[in-house]
Amino acid sequence: MTAVTDTSSNEKPNEHHDHHGPAKGLMRWVLTTNHKDIGTMYLWFSFIMFLTGGAMAMVIRAELFQPGMQIVDPGFFNQMTTMHGLIMVFGAVMPAFVGLANWMIPLMIGAPDMALPRMNNWSFWILPFAAVMLVSTLFMEGGGPNFGWTFYAPLSTTYAPPSTTFFIFAIHMLGISSIMGAINIIATILNLRAPGMTMMKMPLFVWTWLITAYLLIAVMPVLAGAVTMMLMDIHFGTSFFNAGGGGDPVLFQHIFWFFGHPEVYIMILPSFGIVSAILPTFARKPLFGYTSMVYATASIAFLSFIVWAHHMFTVGIPLVGELFFMYATLLIAVPTGVKVFNWVTTMFRGAMTFETPMLFSIAFVVLFTIGGFSGLMLAIAPADFQYHDTYFVVAHFHYVLVPGAIFAIFAAVYYWLPKWTGHMYDETLGKTHFWMSFIGMNLTFFPMHFIGLAGMPRRIPDYALQFADFNMMASIGGFMFGTTQLLFLFIVIKCIRGGEKAKAESWEGAEGLEWSLPSPTPYHTFTTPPDVK
Amino acid sequence: MSEKDEAPVDLSRRTVIKTGLVAGGMFGFGFAMVPIYNVFCKVTGLNGKTDPNPYQYSAETAEVDTSRKIKVQFVATKNAEMSWDFKPSITEVEVHPGQVGELEFFARNPTGERMIGQAIPSVSPFQATNYLHKVECFCFTTQTLEAGEEKIMPLRIIVDQALPRHITKLTLSYTLFDVTTMGERTLPS
Ligand code: HEM
Ligand SMILES: [Cu+2]
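If you're matching them up, the sequences are chains X and L in order. Counted from 1, the first sequence has number 28 at position 28 by the numbering used here; the numbering is strictly sequential. Counted from 1, the second sequence has number 1132 at position 132 by the numbering used here; the numbering is strictly sequential.
The hints are simulated quantities; they were obtained by calculation from the structure and are not laboratory data.
Simulated restraints on C-beta separations:
#: 1; chain 1: L; residue 1: Glu1113; chain 2: X; residue 2: Ala383; range: 45 to 55 Å
#: 2; chain 1: X; residue 1: Leu323; chain 2: L; residue 2: Lys1018; range: 34 to 44 Å
#: 3; chain 1: X; residue 1: Pro162; chain 2: L; residue 2: Ser1083; range: 17 to 27 Å
#: 4; chain 1: L; residue 1: Phe1040; chain 2: X; residue 2: Glu508; range: 54 to 64 Å
#: 5; chain 1: L; residue 1: Pro1054; chain 2: X; residue 2: Arg118; range: 52 to 62 Å
#: 6; chain 1: X; residue 1: Trp44; chain 2: L; residue 2: Gly1028; range: 27 to 37 Å
#: 7; chain 1: L; residue 1: Ser1083; chain 2: X; residue 2: Leu489; range: 52 to 62 Å
#: 8; chain 1: X; residue 1: Thr528; chain 2: L; residue 2: Phe1040; range: 51 to 61 Å
#: 9; chain 1: L; residue 1: Pro1054; chain 2: X; residue 2: Ala383; range: 42 to 52 Å
#: 10; chain 1: X; residue 1: Tyr327; chain 2: L; residue 2: Pro1154; range: 38 to 48 Å
#: 11; chain 1: L; residue 1: Gly1025; chain 2: X; residue 2: Val30; range: 27 to 37 Å
#: 12; chain 1: X; residue 1: Leu489; chain 2: L; residue 2: Lys1018; range: 35 to 45 Å
#: 13; chain 1: L; residue 1: Thr1180; chain 2: X; residue 2: Pro318; range: 31 to 41 Å
Predicted model only: the values in this text are computed from it and were never measured. Beta carbons: idealized from backbone N, C-alpha and C, even for Gly.
Model the full assembly from the supplied sequences, consistent with the hints where possible.
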């Protein structure tokens, strides 16, 4: 144990000469190895991507406002749906979680910084280049990717626009960034915990991120493999996915979803951790069932590897396959149910108050559960033949991703902003942001359940007249949700620039090492490890 | 010395090596999924792909099971942008298991260019895939047709005697692909 303490006073790997504060100017950000700086950059990057992807969603909803073709041509519409999905998944949600991990994990486990600060700088700075490359495909000859965020071959190989090569490289870079980020997080959590911070004392955000990081190093390389095979099919005459050359397009779907299903959990597990931190604070009760939360998260992660073909029920897999993947998928509802039960029980009879982070967290529990239920409906193989590739699927994954991932990120930002900036955010505006997002989100995605069940296919720029009313509702909700996010930007900037002074323990009774630090946190924290009771 | 007594730097280096190996291994696994999938499909017949090699007779397999007749139907489809005419001479045959069924497929290249085509077979229901043997098939290799050329291509099939008894009818479907840019070749087995 003593060795850990010693190293912090002399030769620390991750400290530079700038002991007393950040360097000045632009180079501070380019060269920084400070986890707080990098976390901040991740979060801003993510927000810019969120607005970019959001703008594309606005194009989609504008086109779908009325039946008929009005605003964009179908080719461009397809590029919008594709890029919206890719940017939200790889540009907005994943980097936001990595940003939160950078900021909070060292503070939560009493570490002075991330374990590998230089690699940390790299994993961030790859991202803007990858994003620029991805977005620039839209301006290339033949347009950007138009084959859906799932880029099924041969749409993404034989029939793909020439810009696909750049899309592939962008995915490679995003993948490398995530893998490096994940390795860093694992190294930090395993090796830099303060003395006394045993595994089973770690906050759940740390636990869920540890498990997420393992998922990342397990499946991001598979995605890299998939796009590499695409690259070879396109340029080197191989036939991994080309039926004419002896390959099999269905193979692509297996490889993709072997990555893809764990990926959806990569986008939700850190949210579980966030909500598990916030609910106890505002319910003024300890989290119910900590140990079961840890095991439930681990089981979800394990199960996520054996359910991928629930995305492929209709490709023609044999009956035993349908049944296996159906039951395995339904099984995931068990650990997920344990979590929801624990959250509800944490709130039960608590002295609850409803500050913005709490509002987003409660909405998370309620709406994520709705998404879980529609997931269960989709998991029933015979029913999925009806639902597959309709708006019902769109409703499902937006219910798990918007109130799931995005609301949890909002909750986290509101919860820790006082710690980061030293100021309280404007509570009235925060609540306005919440209610507008909540109403906008439900108005957008709830009707999609109905039009999906009635048979409206996804990824289509036009639709039959009977879907008109619900689509108009969805578009109005979408515009409402979209514009509200500018309010969020305003709230964050306002909070950075001033506001009521935040106490060290910004939220009365909040648990965790981060609250033992002053607000705003000094540039270097826990250079001597704290004592963990 | 237990792990905890080491400096965090060394511990981190170890973690990086371990997790890096996992990541590298999973990249390899992605590629390994290709042969795994192919073997899996070959054993189970799942993707309906028949053996890309000519079937070899043996004394035992040559014996004809006259107790039942199997109806084999033929379908010819052209993949997008494939401009050839492509059709079977008859759309179905009835054979006893073990008996050779013979027919022809007709192909014509109506364009002004030399083209190479590849027919990809698929059997439905997939449970029958491994019981439908092809003694001779135009699908074993690519087919090259000069501008305007036409060709009669023989197909000889045998239904295996071990075909499950509940299957009385099966479909052999060919999709013809334009593989001119890929060149002439034999399908990998
Ligand atoms: C109880 C939990 C869940 C179950 C049973 C479930 C089940 C399913 C099923 C069966 C599908 C395929 C539907 C189809 O294409 O016909 C699907 C699609 C999807 N799910 Fe879930 N899901 C669950 C949770 C989640 C979570 C937590 C996320 C992400 C945070 C998620 C994200 C997605 C996405 C993105 C798709 C659509 C992929 C696409 O085709 O573009 N799901 N889900
Ligand atoms: Cu899934």
